[in-house]
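Visitor: What follows is each chain in one-letter form.
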Amino acid sequence: MRNEKELLELINVHLDPPAAEIKRKQNVSVSIKQENLIQALSFLKSHSYQHLSTISCVDWLDEGEFELVYHLFSYDDYINISLKTRIKREPGVFQTAKEIWPVAEFYERDIHEFFGVEFKGNDNLEEMILENWQHLPPMRKDFDTRKFVNDNYEWRDYNGQKHTD
Amino acid sequence: MDKSTQTEIFFGPNHPGVPGNYGINYNFEGDTVTAAEANAGHLHRGFEKLMEERIWIKNTALVPRICVEEPDINEMVYAMGFEAIGEIEVPRRADYIRSIILELARIQGHIFSIGGNAAGIGQYTIMNWGTLTRDYILDIFEEITGARVYHIYIRPGGVRQDIEAETFAKILDLMNELENERFPDLEKTLFENPNAQKRWQGKAVITKEEAIEMGATGPVLRANGVPHDLRKMMPYAAYDDVEFEVPTGDNGDAWDRIKIARDDMLQSIKIIRQLINKIPDGPVQTDLGNGLKYRIPKGDAYVKIESKRGEYGYYMVSDGSLKPYRVHVRGASTPLGLYGVREYLPGTRIADVPVWAKSLGICPPEFDR
Amino acid sequence: MANDKKSIFSPVTAFKNLVKKPETVRYPAESNDAAKRYRGFHINDLEDCIGCSTCQEVCVNDAISMVEMLDVPAEEGQRSERPQIDYGRCCWCGLCVDVCTTGSLEMSRDYSYIEIDPDSFIVTPAEKDINQVDHPLGYLRDEHSDLLDLKRIDMEMLEPEERINSFIEIVEGFSKEQAEKEASRCVECEICTDTCPASMNIPQYIRGIFDDDLEESLEQIYEDNPLPEICGRVCTHTCEGVCAISHRGEAVSIRWLKRYAVDNVDSADYKKVLGTEKIEQNNKKVAVVGAGPAGLSAAHYLSVMGYQITVYDSKEKAGGMMRYGIPEYRLPYDALDKDINYIKSLGVDFVFNTRIGENITLDELHEQYDAVFAATGLHNGRSTRVPGTDNNNVYQAVNLLADIARGKEVPVTRNLVVIGGGNVAMDIARSMARIQMDKYGEVNITVTSLETEDIMPADQEEIEEAREEGIVFKPGRGPKEIEVNEDGTLAQLCTNCCVSVFDEEMNFSPTFDDSDIENYECDMVIEAIGQGGDNSYIDDQFEIEYAGPRIKINDYSQTSVDWLFAGGDIALGPDVITAIKTGHDAAVGIDMYLNDEL
Numbered sequence: 000m001r002n003e004k005e006l007l008e009l010i011n012v013h014l015d016p017p018a019a020e021i022k023r024k025q026n027v028s029v030s031i032k033q034e035n036l037i038q039a040l041s042f043l044k045s046h047s048y049q050h051l052s053t054i055s056c057v058d059w060l061d062e063g064e065f066e067l068v069y070h071l072f073s074y075d076d077y078i079n080i081s082l083k084t085r086i087k088r089e090p091g092v093f094q095t096a097k098e099i100w101p102v103a104e105f106y107e108r109d110i111h112e113f114f115g116v117e118f119k120g121n122d123n124l125e126e127m128i129l130e131n132w133q134h135l136p137p138m139r140k141d142f143d144t145r146k147f148v149n150d151n152y153e154w155r156d157y158n159g160q161k162h163t164d
Numbered sequence: 000m001d002k003s004t005q006t007e008i009f010f011g012p013n014h015p016g017v018p019g020n021y022g023i024n025y026n027f028e029g030d031t032v033t034a035a036e037a038n039a040g041h042l043h044r045g046f047e048k049l050m051e052e053r054i055w056i057k058n059t060a061l062v063p064r065i066c067v068e069e070p071d072i073n074e075m076v077y078a079m080g081f082e083a084i085g086e087i088e089v090p091r092r093a094d095y096i097r098s099i100i101l102e103l104a105r106i107q108g109h110i111f112s113i114g115g116n117a118a119g120i121g122q123y124t125i126m127n128w129g130t131l132t133r134d135y136i137l138d139i140f141e142e143i144t145g146a147r148v149y150h151i152y153i154r155p156g157g158v159r160q161d162i163e164a165e166t167f168a169k170i171l172d173l174m175n176e177l178e179n180e181r182f183p184d185l186e187k188t189l190f191e192n193p194n195a196q197k198r199w200q201g202k203a204v205i206t207k208e209e210a211i212e213m214g215a216t217g218p219v220l221r222a223n224g225v226p227h228d229l230r231k232m233m234p235y236a237a238y239d240d241v242e243f244e245v246p247t248g249d250n251g252d253a254w255d256r257i258k259i260a261r262d263d264m265l266q267s268i269k270i271i272r273q274l275i276n277k278i279p280d281g282p283v284q285t286d287l288g289n290g291l292k293y294r295i296p297k298g299d300a301y302v303k304i305e306s307k308r309g310e311y312g313y314y315m316v317s318d319g320s321l322k323p324y325r326v327h328v329r330g331a332s333t334p335l336g337l338y339g340v341r342e343y344l345p346g347t348r349i350a351d352v353p354v355w356a357k358s359l360g361i362c363p364p365e366f367d368r
Numbered sequence: 000m001a002n003d004k005k006s007i008f009s010p011v012t013a014f015k016n017l018v019k020k021p022e023t024v025r026y027p028a029e030s031n032d033a034a035k036r037y038r039g040f041h042i043n044d045l046e047d048c049i050g051c052s053t054c055q056e057v058c059v060n061d062a063i064s065m066v067e068m069l070d071v072p073a074e075e076g077q078r079s080e081r082p083q084i085d086y087g088r089c090c091w092c093g094l095c096v097d098v099c100t101t102g103s104l105e106m107s108r109d110y111s112y113i114e115i116d117p118d119s120f121i122v123t124p125a126e127k128d129i130n131q132v133d134h135p136l137g138y139l140r141d142e143h144s145d146l147l148d149l150k151r152i153d154m155e156m157l158e159p160e161e162r163i164n165s166f167i168e169i170v171e172g173f174s175k176e177q178a179e180k181e182a183s184r185c186v187e188c189e190i191c192t193d194t195c196p197a198s199m200n201i202p203q204y205i206r207g208i209f210d211d212d213l214e215e216s217l218e219q220i221y222e223d224n225p226l227p228e229i230c231g232r233v234c235t236h237t238c239e240g241v242c243a244i245s246h247r248g249e250a251v252s253i254r255w256l257k258r259y260a261v262d263n264v265d266s267a268d269y270k271k272v273l274g275t276e277k278i279e280q281n282n283k284k285v286a287v288v289g290a291g292p293a294g295l296s297a298a299h300y301l302s303v304m305g306y307q308i309t310v311y312d313s314k315e316k317a318g319g320m321m322r323y324g325i326p327e328y329r330l331p332y333d334a335l336d337k338d339i340n341y342i343k344s345l346g347v348d349f350v351f352n353t354r355i356g357e358n359i360t361l362d363e364l365h366e367q368y369d370a371v372f373a374a375t376g377l378h379n380g381r382s383t384r385v386p387g388t389d390n391n392n393v394y395q396a397v398n399l400l401a402d403i404a405r406g407k408e409v410p411v412t413r414n415l416v417v418i419g420g421g422n423v424a425m426d427i428a429r430s431m432a433r434i435q436m437d438k439y440g441e442v443n444i445t446v447t448s449l450e451t452e453d454i455m456p457a458d459q460e461e462i463e464e465a466r467e468e469g470i471v472f473k474p475g476r477g478p479k480e481i482e483v484n485e486d487g488t489l490a491q492l493c494t495n496c497c498v499s500v501f502d503e504e505m506n507f508s509p510t511f512d513d514s515d516i517e518n519y520e521c522d523m524v525i526e527a528i529g530q531g532g533d534n535s536y537i538d539d540q541f542e543i544e545y546a547g548p549r550i551k552i553n554d555y556s557q558t559s560v561d562w563l564f565a566g567g568d569i570a571l572g573p574d575v576i577t578a579i580k581t582g583h584d585a586a587v588g589i590d591m592y593l594n595d596e597l
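Residue numbers (numbering that gives the first Met the number 0), protein chains in the order written: chain A, 0 to 164; chain B, 0 to 368; chain C, 0 to 597.
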């Protein structure tokens, strides 16, 4: 049963991350270079971090990067690790984590659908939630929802008032 | 796979045998499922993108609509995420009130889903009893918050309004009524019913290794004998001030999970009694200034709580502006509904597919968002 | 599994419900009343509502639109719009009730409405809700759920003991955290902009402070006001009087926020921020008579448009009443100079110690310039003309204030009386109090006015601060005579009780009670009962229309003589911000006139 400091030491020694800090109680945040991420996941899993909550993606449009965050949890330490890495928005390609956690296949499918990130090694990246979607991946910051609605749908008039938008 | 003996059907999304707007496309041979695939996305409303376009306070009215059965967990994690990034302290009384609300939500969610499970095996009396009992709890919610289902009560900084003493008395009366009348009735009618036991025992087994590998939590994991509960592992709100047990099962099957749901409800009654007994006086809201101009520094947080189905978390990112930069919803049944269906549904008989889907607590809005 | 009870008779338990009363509500025979806090349909008190549209701002689903109400007048402090709710979109979250600035929007316990016509679901809530039936109230905002920030940040000010010893500025100004917190209180309803005489972009410059983008604030301010250092200290701030937050809490400190924004931008950056580094000249010339707020404002806006401006003033420096009337502890000279120097840096020429009508005539200006803007102000103090006012020890406040501003020594005795109830009376009394304290070590000043304290025209803050500094007030008294000793020194001021100041038609017509006499010992009397102007330089040469005592102007500050524009106190009063507006209007008007559009 490690506490946050011991965990941080373990990570710093074995993974040599660019940044690692104790965010708040029972929460540690680690940044990893993209080429080392899969190995880091494997290392942590074998050190009691067996629970993968989910994989999140954040679109940093101004910096031209996607940030992928893997949330891990240990049933021994009771600590949450947020493992972060950044990939370039163009071409938006990364490796799959499904060899370590098979369920990651679906999290990556979701990120592919909404952000357009391609995960090499994951061949199950078809549409899941959306249907026949022809436009930009919708969670990207350059997808304008108002413009999409105005281009594709018609506003209904109520009480003789025209909708202005 | 020999296609001449396989039949493919669409089970759902409009079917009383599935929990919500969710479909399972499966192939069966004889009357056993041989391959299955989730048909998700019917309940996609684009919450995560909507939340990015609205200022922080407006999202408190949007967030509960993600999950119908238990909306308060959404309000709670949203507020917790905001407070974690902004390093805001919540008054102790507000913590207690939040715990009371969450436990009441747990009871009404469990009784509703026990009713849903019973409907899955054809016991519609229990389904009606589930909805009825839930209704009395919704009356209490109406008195506390002003609305029955979507409360919009838990806010960043605390809760919206205080609870009066008469309402506490009503809650305690209702707890007594549940413990002395309704739950014993339920026990005799459903849990001692050999028909129900036969339909649920040994079905939809998820072992401990499979659950941890998938990332399943809550009753699914606890049915294998491990008492992992976020209220004990990462205490939030006022759970570090109360004593309760974490019910577990032995076999990891549907019967264990439904028994855990019943035991969870009894534990919740115990917790609520302790909370009402010990609740301190004080303010219920930290002053955060003008609601239209809530702002927290740059940062991110992954916060999670124990909902009735398991780990429910939000990953929130703030860029220091008036609106959230990214909110990612992680529901408890996401791995089960998408991955579990493909891996663990094959091998069940067609009549047990509703048992499988409902006892695992698959909630489509959690992955459709 | 082994110890699970089972019995095939277990379902029989359900049969007991056959003889029990059903638990469903037999609607409509039985009614199902909502709880006390139920969030039902809205009701709105249309008279209390000011149409600030904050409810529309916070609505999650864009369910609220603001619609014009024909029977509600748009008067000061409110708009003629009221919220209209589309119940097809509303989700009854109640955030609109939590944020309502006046508390007029409430919710009832009503939840049922059945109609075939979908358009009938869009209503303007009024006294009764959508069903037009009286229903008990439901969800109400209380102090926990209130979303507005009602308390002001207190402004640090010098203590009275410190203030009385010098002319140092009393108000210390906001720090960065204080300014950001105060700026966050604004709900951006723009009712303040409606009231401001110059229609300044108030929510926009406050937002600039909140976003820590002071350059944006400066740009927004200069669109309508080129004298923000001054207005940020001495403006009459009618905006704060109508601020939406002031209905249930304290108004946003708009004046102090304006001061914070301009205090914290360096003069050297002004031209870059305001885009006036290079101005294309159009080779037309305009003369401005009077370097007060109206003249400076016209000079600024005309310069930015490319005109060559020359400003004439009879005094030694620019500023008009702002320098020669407002004391330094309210408006320090370096703040005044920061604004004036920026206008000078745009290429405006100043000619001082020159009085039009004496050193140069208006006719000559008309020949040398393409247009003229006259804003000479009201610099001649009025007198009560009671017996004794011709004595040497009876002074005019405006003359003394001007001398104090020049740094000249002014006569001060141990026992002063000031006649007057407006801000000029406060200014002279508090200035003389400081000089008295410096010379004699104590303050001995009485201020007497016709008006009782509740209708005294001076700012309430001025009266309170004057009291703190040791000045005694005797309101509601009318001066009858100043008794003079045989050697020419003053003995006392004799007053009668002033029964009323205005008559029924609100004309100035004071009445007195001669039997009620009070005398105040004094050896110096200062009169501060109002000022008049000297427009002889215009009237001697041209026929010009008047509206009462003021020159008549149109919306572009143009007089009845088409090349002559007028503004400031001689055309429209009564304060600095109104003068600034007339100057800006004149600049627009002169530009149109010189392009044959007016």
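Hint data in this document are derived by calculation from the structure and do not stem from the laboratory.
It cannot be assumed that every hint is accurate.
[Said to hold, decoys possible] Okay, the calculated beta carbon distance ranges per label pair:
hint: 1; chain 1: A; residue 1: Glu34; chain 2: B; residue 2: Gly121; range: 51 to 57 Å
hint: 2; chain 1: C; residue 1: Val24; chain 2: B; residue 2: Arg44; range: 48 to 54 Å
hint: 3; chain 1: C; residue 1: Glu160; chain 2: B; residue 2: Glu52; range: 25 to 31 Å
hint: 4; chain 1: A; residue 1: Trp132; chain 2: B; residue 2: Asn24; range: 36 to 42 Å
hint: 5; chain 1: B; residue 1: Thr206; chain 2: C; residue 2: Lys150; range: 56 to 62 Å
hint: 6; chain 1: C; residue 1: Lys271; chain 2: A; residue 2: Asp61; range: 55 to 61 Å
hint: 7; chain 1: C; residue 1: Asp458; chain 2: B; residue 2: Asp286; range: 55 to 61 Å
hint: 8; chain 1: B; residue 1: Glu52; chain 2: C; residue 2: Met154; range: 33 to 39 Å
hint: 9; chain 1: A; residue 1: Trp132; chain 2: B; residue 2: Asp286; range: 42 to 48 Å
hint: 10; chain 1: B; residue 1: Asp286; chain 2: C; residue 2: Ser559; range: 55 to 61 Å
hint: 11; chain 1: C; residue 1: Lys4; chain 2: B; residue 2: Asn276; range: 29 to 35 Å
[Unchecked claim] Far from chain C, some chain B residues (derived; all Cβ distances over 12 Å):
hint: 12; residue: Asp30
hint: 13; residue: Ala118
hint: 14; residue: Asp138
hint: 15; residue: Arg147
hint: 16; residue: Tyr152
hint: 17; residue: Asn192
hint: 18; residue: Ala350
Just so you know, even glycine gets a beta-carbon here, dropped at the ideal spot from N, CA and C.
Visitor: All hints, please: hold or fail.
Guide: Right, here's what the structure says about each hint:
Checking the proposed 51 to 57 Å range against Glu34 (chain A) and Gly121 (chain B) shows it holds: the Cβ atoms sit about 55 Å from each other. At about 31 Å, the beta-carbon gap between Val24 (chain C) and Arg44 (chain B) misses the expected band of 48 to 54 Å. At roughly 55 Å, the beta-carbon separation of Glu160 (chain C) and Glu52 (chain B) lies outside the given 25 to 31 Å, and the hint is violated. Distance hint check: the CB atoms of Trp132 (chain A) and Asn24 (chain B) are about 20 Å apart, inconsistent with the given range 36 to 42 Å.
Range check, Thr206 (chain B) to Lys150 (chain C): Cβ separation about 59 Å, and the 56 to 62 Å hint holds. About 25 Å separates the C-beta atoms of Lys271 (chain C) and Asp61 (chain A), a value inconsistent with the hinted range of 55 to 61 Å. Remark: the range hint 55 to 61 Å for Asp458 (chain C) to Asp286 (chain B) is contradicted by a beta-carbon distance near 31 Å. Roughly 37 Å separates the CB atoms of Glu52 (chain B) and Met154 (chain C), a value that falls within the hinted 33 to 39 Å.
Hint check: Trp132 (chain A) to Asp286 (chain B), Cβ distance near 44 Å, so the stated range 42 to 48 Å holds. The given range of 55 to 61 Å is respected by Asp286 (chain B) and Ser559 (chain C), whose C-beta atoms sit roughly 58 Å from each other. The hinted range of 29 to 35 Å is satisfied by Lys4 (chain C) and Asn276 (chain B), whose Cβ atoms lie roughly 32 Å apart. A cut-off of 12 Å between C-beta atoms confirms that Asp30 (chain B) is not in contact with chain C; the least separation is 25 Å.
No Cβ of chain C comes within 12 Å of the Cβ of Ala118 (chain B); the nearest lies about 15 Å off, and the non-interface call holds. Asp138 (chain B), annotated as away from the interface, has a beta carbon of chain C within 12 Å; the closest lies near 8 Å. Listed as a non-interface residue, Arg147 (chain B) fails to keep its Cβ farther than 12 Å from every Cβ of chain C; the least gap is roughly 9 Å. Not every CB of chain C lies more than 12 Å from the CB of Tyr152 (chain B), the least distance being 9 Å, so the non-interface label is violated.
Residue placement check: Asn192 (chain B) does not keep its beta carbon more than 12 Å from all beta carbons of chain C (closest about 5 Å). Listed as a non-interface residue, Ala350 (chain B) keeps its Cβ farther than 12 Å from every Cβ of chain C; the least gap is roughly 20 Å.
In this structure, the earlier hints numbered 2, 3, 4, 6, 7, 14, 15, 16 and 17 are contradicted, and the remaining ones agree with it.
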